[in-house]
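Chains as they are written, first to last, in UniProt numbering: chain A, 1 to 326; chain B, 1 to 252; chain C, 1 to 313.
Worth flagging that the hints you see were computed from the coordinates, not collected in a lab.
The reader is advised that the hints may include incorrect statements.
One side only, chain B facing chain A, incomplete, derived with CB under 10 Å [as the list claims (entries may be wrong)]:
no.	residue
1	Ile79
2	Pro102
3	Met148
Glycine included, every Cβ here is placed at the ideal spot set by N, Cα and C.
Residue strings, one per chain:
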Amino acid sequence: MIDRKPRWTNWTIGLAVGLGSALLFCLSLAVGADDLVFARLFDDPATVQLFLASRLPRTLAAMLTGAGLAIAGLIMQTLARNRFVEPATAGTAQSAALGILIATLLFPAATLATKTLIASVAALTGTSVFLMTAHRLPPTQPYLVPLFGLVYGGVIGAIVTFVGWQADLLQFLDIWTSGEFSGVVRGRYELLWGAAAMIVLAWWVADRLTVVSLGREISVGLGLSYQRTLQLGLVIVSVIAALTVVIVGIIPFVGLVVPNVVSRIMGDNLRGTIPWVAGCGAFLVLGCDLLGRLLRYPYEIPVATVMGVVGGLLFLRLMFMRSAHG
Amino acid sequence: MILIENVSLSYRDVPILRGIDLALPKGGITALVGPNGAGKSSLLSLVARLQPLQTGCISVDGMPVDTTPSRTLAQRLAILRQDGIVASRLTVRELIGFGRFPHHQGRPGALDLALVDAALDQFDLAALSDRFIDTLSGGQRQRALVAMTFCQGTDYLLLDEPLNNLDMFHARQLMRSLRRIADEAARTAIIVLHDINQAAAYADRIVAMRDGRVIVDGPPAAVLTEENMEAVFGYRIRIEQIAGKPFLMHHL
Amino acid sequence: MADRRLLLLLTLALLSVLFFMLAGLRGNIAFVLGLRGLKLLALLQVALSIAVSTVLFQTVTANRILTPSIMGLDALYVFGQTALVFLLGGLGYASLNGGFKFGMEIVLMVALAMALLWPMLKLRMDMGLMLLMGVTLGILFRSLQALLARMLDPNAFAVVQGASFANFNALRTDLTLLGAIMTLVAVAFCWRARHRLDVIALGRDAATGLGVHWTRSAAGLLLLVSILVAVSTALVGPVAFFGLLVVALAERVVKTQRHAVLLPAAVLVAITVLVGGQAVLQHALGGASTLGVVIEFVGGLVFLILLVQGARK
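Please construct the entire structure, taking both the sequences and the accompanying hints into account.
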């Protein structure tokens, strides 16, 4: 455990993440079933078309999703005051999936934006129920909260499967529940910029969120309207979760691993850490997507599967480290 | 002036406070003493609007605590709770900096930064300023929380057992700091104290409670009598005069 | 008292078996009965192995929330299965004899389970942390399995999907006989040890104090649990909360944790829920494909209630 805030981190980590992301960004633009040669971008219209219609949207979508999920995880951990929760493990993502399922059943003709809105409302409801219960669990047993969240998410997931089964929508469910970028092309990802807007909003209210992480009593003592800040945080988490579920599908572990690693090194003052959490999240998801594209080239492995392995291993390691430190 | 009128509180039909009437004028140190479960902490958290009022009313400088905007109150009144568990990984400087939050809402100015530096010095925390609070000892963390409460710069300071976890040196230092701001800046401190001799030495006024009622209330010399103490704590305590202050031999 | 309740459970279990066998009989009766009998045998086996393995696991870990599936053991089995295909290659795997294959899968499963669980028990890890790790391991193994499946054949969606839901319709009846023998042997072992199990459930320190060789007993029990989970997963696939649900129900009914009563009660409840549920969904509601999901949902709710109730204490 790092006990002192290092002064070098800002520059070194920033440089490393920046360079790494730039490298991944270029790789992601280059890798795919069809070869893309950068030099031909200027003379070959087909290359330009491939670049603008598929590669660039996919790369941007991966980065936006990663940044958004990492921030959603960070805020979720701040609100629940527990380091082991994230939207995919606390019923948020599953509620969003339920929302879009219901939207598809009731209003099949609605636009993607409308469906996303309904999914956001569902995610908000599901997460509020989770948080209300989580605050009643004893703070002395920090592992109960994520456990509750996981099973809660599983129960909502079972409802989703059941409804999907009855309504014969299982093939759609697969799109929403297992995260994948292969279907992302121009015209199908632009809503994800909403996640970027949410990140900016989170950064704007970062101080308030940090005060909330100090607990209700300190928050009230400092004159913060605790309830309103909780609600704002919930809205940010729900919108990000709904957007990513609708467009990409559920991706596990991003929101758990990234904020935990950043917190170990840089602490929890969100004003300072939000940019890094977003950057590292983008880096991680883009990296996993790239890995999924390369492992069995020219076929693709969904990013959720790759992340399940990579993120799962990282998360287990985090838990072991924490238990070793008591 | 803090005015407490006819305040009662019960939790699941168990009465915690029974009809408290108390006026605490501005300036000076008031110590709340009494056995466990007397209702001291509950009274403090009601004044600091951490719990909703059930009956009666409380006002701070004429502002009722239940209807005044929370931020306005936070510029007048700061509270330190005794179980100040902070799980966030903030540095000592960042934590103390959040004491200024009511004044700058997240955009600190030069004055705020200067006050944080002053608080770091005042509580011997300058060497720890870049340490994460979850790596500090209990006493160091308590000092950081006290410094944060001081840094809020309010007219009224409510401290719930602030001496918890502090060693003798730092306990004395905290009490002397309180005395100083009370004397020099005319600020008001209301402290729940377990060590009654600290109250005897530093407080201007002692409010002794038991079973949700105020038993006696007045300057230390008047409150700290053997009869009063028996009525509050339930056993006979010998009281000596040492260095001009009453000294309770409560451990004998 | 407990005996009367046990009798009640037995009646319920028998009724569901009868209902399963006889409801809506039509056409070639002998053929249908034979088919249903085979399926019933498999279901009984699943009920038996899940109920017993859950009770045993809860006894070893001395708490009532952990179950083998929550700790990711069934995901482990599915992963081991895929890993075997991966190692041997599709053709090599297909050419193996079914029983031999099953045996290898079980050996692999037992080895992996012991390697994972033993350190957790040995280190006396905090229950909550153990649970969280188990759940994470479950996700990890499911992802690894999906990854391996796709590495094998990128279009192998069927394999991945078949592994992610419990399916009580497509029972692997070819494994019934082998599985039945293993289940019966394992169950016989536990039944003989039922009084010692009562002592082990008191926890490691108390059990050692009462003269039970804890390390050896716990290792043996984990072995039995792994085998039973392997059998049931091989037959129907993973069922996350079924074990928890039936043991929690059985405990509520017989109101004792003595293994001599709890073990048979849990088995009877499991039979009632599984066989009865299957029969009701198949004959009354006309679609049994959702039994797994229904159990998942109800079992998950039971788990949440247990968790919140336990936390209140």
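Broken hints, by number: none
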